[in-house]
Amino acid sequence: KAGVTQTPRYLIKTRGQQVTLSCSPISGHRSVSWYQQTPGQGLQFLFEYFSETQRNKGNFPGRFSGRQFSNSRSEMNVSTLELGDSALYLCASSLAPGQLYGYTFGSGTRLTVV
Amino acid sequence: DAKTTQPTSMDCAEGRAANLPCNHSTISGNEYVYWYRQIHSQGPQYIIHGLKNNETNEMASLIITEDRKSSTLILPHATLRDTAVYYCIVRADKLIFGTGTRLQVFP
Chain W
1 KAGVTQTPRY
11 LIKTRGQQVT
21 LSCSPISGHR
31 SVSWYQQTPG
41 QGLQFLFEYF
51 SETQRNKGNF
61 PGRFSGRQFS
71 NSRSEMNVST
81 LELGDSALYL
91 CASSLAPGQL
101 YGYTFGSGTR
111 LTVV
Chain A
1 DAKTTQPTSM
11 DCAEGRAANL
21 PCNHSTISGN
31 EYVYWYRQIH
41 SQGPQYIIHG
51 LKNNETNEMA
61 SLIITEDRKS
71 STLILPHATL
81 RDTAVYYCIV
91 RADKLIFGTG
101 TRLQVFP
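From first to last, the protein sequence lines are chains W and A. The opening residue of the first sequence carries number 1 in the numbering used here; numbering runs sequentially from there. The opening residue of the second sequence carries number 1 in the numbering used here; numbering runs sequentially from there.
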């Protein structure tokens, strides 16, 4: 079966711009979580969506937002980009929230802010 | 708010068992122990999980102490492809990653 698909794979943006990243979960998976990975901070939890509702949120500023559509696909948006937002953004899908053994991760979107 | 402590790095010879420890002294009764690993430039991959009994699957074994305050992930015959960062996670609601253990398997 197809895995978790993240698009685009690479992105270069300028400070102050905004960006939208997309995540298509495994068919049948209804929960999508987003993570930011940087060399300094490691893997940090951004938010989790299930049935189009945000269930959990990490400690990130309001510039980071997300949404989930009725087909379970999810997008995350970062507005007013800062240099420190340069990171690998990973999404993971699972059948339902709380099934922490069943997370499947995508390959990520590498965002560079210049 | 990771609730686990792991060594920063470990080495293991190819073909030998790799034993990765994890301390989780504040674990609650309903929290499972999960192990994921991240091979360079890839997303994390689920390995195994357990509540209080030892568990084994095709990838690894998980040994949890009787008091549940620590556990050990065992890769019985490490290969070069097992070189990765291994994360021990103790949660009931969402996956929160700590700093993990960087395992280097050498020939």
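Some hints could be false.
[Stated by the list, open to error] Just a few of them, taken from the derived set where beta-carbon distance is under 8 Å, the chain A residues facing chain W: (1) MET10; (2) CYS12; (3) GLU14; (4) SER25; (5) GLY29; (6) TYR32; (7) HIS40; (8) GLY43; (9) TYR46; (10) HIS49; (11) LEU51; (12) ARG91; (13) ARG102; (14) PHE106.
Because the hints were derived from the structure by calculation, they are not lab data. Virtual Cβ for every residue (Gly too), placed ideally from N, Cα, C.
- Task: Report the numbers of all earlier hints that the structure fails to satisfy, in ascending order.
- Result: Going through the list in order, the structure violates hints 1, 2, 3, 4, 5, 7, 11, 13 and 14 and respects the others.
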